[in-house]
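A.B. asks: Now for the letters of each chain:
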Amino acid sequence: MTFFLDSFKSALLLLWSLDAELLNIISVSLNVSFFSTLISALAGVPLGLVIALNEFKGKRFLITVLNTLLSLPTVVIGLFVYSFISRRGFLGPLGLLYTQKAMIIGQIILILPIITTLTLSAVSRIDDRYRKTALTLGANALQTAFVIVREARFGILASIIVAFGRVIAEVGISMMLGGNAKGFTRTMTTAMALEYDKGEFVMGIALGIVLLLISFAVNIVFNYFQGKTRD
Amino acid sequence: MNRRYAFILITLLLPLTLIASVAIGAEKIIRMSTTTSTENSGLLNFLLPEFTKDAGIKVKVFAKGTGAAIRDGMDGNVDILFVHDRKKEDKFMEEGYGAYRLAVMHNDFVILGPKNDPAGIKGMHAAQALKKIVDSKSMFISRGDDSGTHAKEQELWGLAGITLNNKKTEIINDGKTTNLEYLYPAALGEGYISIGQGMGKTLTFSEEKQAYTLTDRGTYLEYKFGRQQGLDLEILCEGDVALNNPYGIIPVNPKKYPDVKFEEADRLAKWLVSERGQRLIAGYKIRGHQAFFPDAKADAAARP
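Sequence order for the protein chains is A and B.
Okay, so the first sequence: first residue is 0 according to numbering that gives the first Met the number 0, each after it adds one.
Okay, so the second sequence: first residue is 0 according to numbering that gives the first Met the number 0, each after it adds one.
I should point out that these hints are in silico values taken from the structure, not numbers from a laboratory.
One thing to keep in mind: the hints can contain errors.
Cut-off 20 Å, straight-line C-alpha distance, at most; resulting in silico cross-link-like pairs (EDC-like, lysine to aspartate or glutamate) [said to hold, decoys possible]:
no.	chain 1	residue 1	chain 2	residue 2
1	B	K255	B	D89
2	B	K167	A	E199
3	B	K86	B	D145
4	B	K59	B	E26
5	A	K197	B	D71
6	A	K197	B	D144
7	B	K63	A	D196
8	B	K166	A	D18
9	B	K121	B	D107
10	B	K86	B	D107
11	B	K52	B	D265
12	A	K197	B	E38
13	B	K166	A	D127
14	B	K130	B	E233
15	A	K8	A	D127
16	B	K284	B	D71
17	B	K175	A	E54
18	A	K8	B	E180
19	B	K130	B	D116
20	A	K100	B	E207
None of the values given here were measured: they were computed from a predicted structure.
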């Protein structure tokens, strides 16, 4: 019990002191998670929409593949991307390994299937009459898509929230592709892993509490938008 | 009533049977805490079976960080320590936890860097080399994980006359405010990258960035010659006394903890510094290179 109390106090102390290193760690975490979620949403939502609204051969198979990708381990993604971007890899000359860009690439692979499949299921649940009504009212394909996204917005936003939660809490990709370099690619999760290795458990849990508080703040923002779209 | 007697009888007998079973299976076993480097390098797997053959004593090994290993000794959890942090070892002895300390061997650290050596440190003393790395604003990768290697690195920055900045973080432990401290050379700025990971990851990170780093020779040999694609970094500084990494063996003091197996631990310590033990250590090779250098002769005067 005292252990958690200590950790909680340490977390508050850390936040209160506005420790420059901690702020840097938080900003790296948020920055990387924001861009990987944004890019995945920009690609995943239209992708899910296209798959949901079109009938084509192999659709069921494609959905099965996408669902399988949901269980892709972060370590596998890390290894895969690593082999491409390390100095000896195909994209080696770009010098991407151990940068925030590398982390974003890995995280996109992680959450693109999440956003795509959840969008797909959110859109599939929408009554087909919306689509037909829009079409009969003379809407073109883009306008029809817009109507459907409007109807499915709740589910789509939920998919983005899930994806964000996944990347901000993820440690495998950040460690392997970011390398936990202090001040550059150290995130809250890799910092926690380090404190565990050093045996500083209190500090590790304190960072965990900070992470939850940050996620809470981010979700308040999301919640605000969800409330907005409801009106 | 009968059941009650039976219960009392059983509770009385249980410990007896336990003691008996331990006594019957009385193999001589001692517990040793050591650092990961002796275990990971394969040295112990090579040495200890020989010792068991000679002395009929088995050794149970717990490999952990030097700090944690010494902690084991202070808590009386083990019979003997085999570690490499002279400062902590001396403190351990001063506080009366150890029976005696014998110098067994040393391995050494080396400074690695890219083949073209942009800072031009090849063949220099370690301290000089680090100074040159800072002056030329090159990149240096640090373990940054409170390990023995990290401790050595900080010591070397000190020798190089580089000012170390101290970063303190307050945390609360057991209800008390304590500080986590972290020393780093400020002069290198963004060229100093602290990655907080193990030796292997630090080597691959340095290779990727073609940066300088400090490593123990054993891990370097494994990564250079033990992999399909050898590490693309070269040894630039070696052989400096400041880079030596001495290992000591310390049986736990039976006056402090009467239940430690001092007699057996004493035999292991004496065996390691005996001519046979020392010859075996010198003969152990990682990828065809000698990794540990026997030290017992130099320490002969201090032998009890």
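A.B. asks: Determine for every hint whether it applies to the structure shown.
C.D. replies: Results for each hint:
no.	hint	verdict
1	B:K255 to B:D89	holds (16 Å)
2	B:K167 to A:E199	holds (14 Å)
3	B:K86 to B:D145	holds (14 Å)
4	B:K59 to B:E26	holds (12 Å)
5	A:K197 to B:D71	holds (16 Å)
6	A:K197 to B:D144	holds (6 Å)
7	B:K63 to A:D196	holds (11 Å)
8	B:K166 to A:D18	holds (10 Å)
9	B:K121 to B:D107	holds (17 Å)
10	B:K86 to B:D107	holds (17 Å)
11	B:K52 to B:D265	holds (16 Å)
12	A:K197 to B:E38	holds (19 Å)
13	B:K166 to A:D127	violated (61 Å)
14	B:K130 to B:E233	holds (19 Å)
15	A:K8 to A:D127	violated (53 Å)
16	B:K284 to B:D71	violated (29 Å)
17	B:K175 to A:E54	violated (65 Å)
18	A:K8 to B:E180	holds (19 Å)
19	B:K130 to B:D116	holds (14 Å)
20	A:K100 to B:E207	holds (15 Å)
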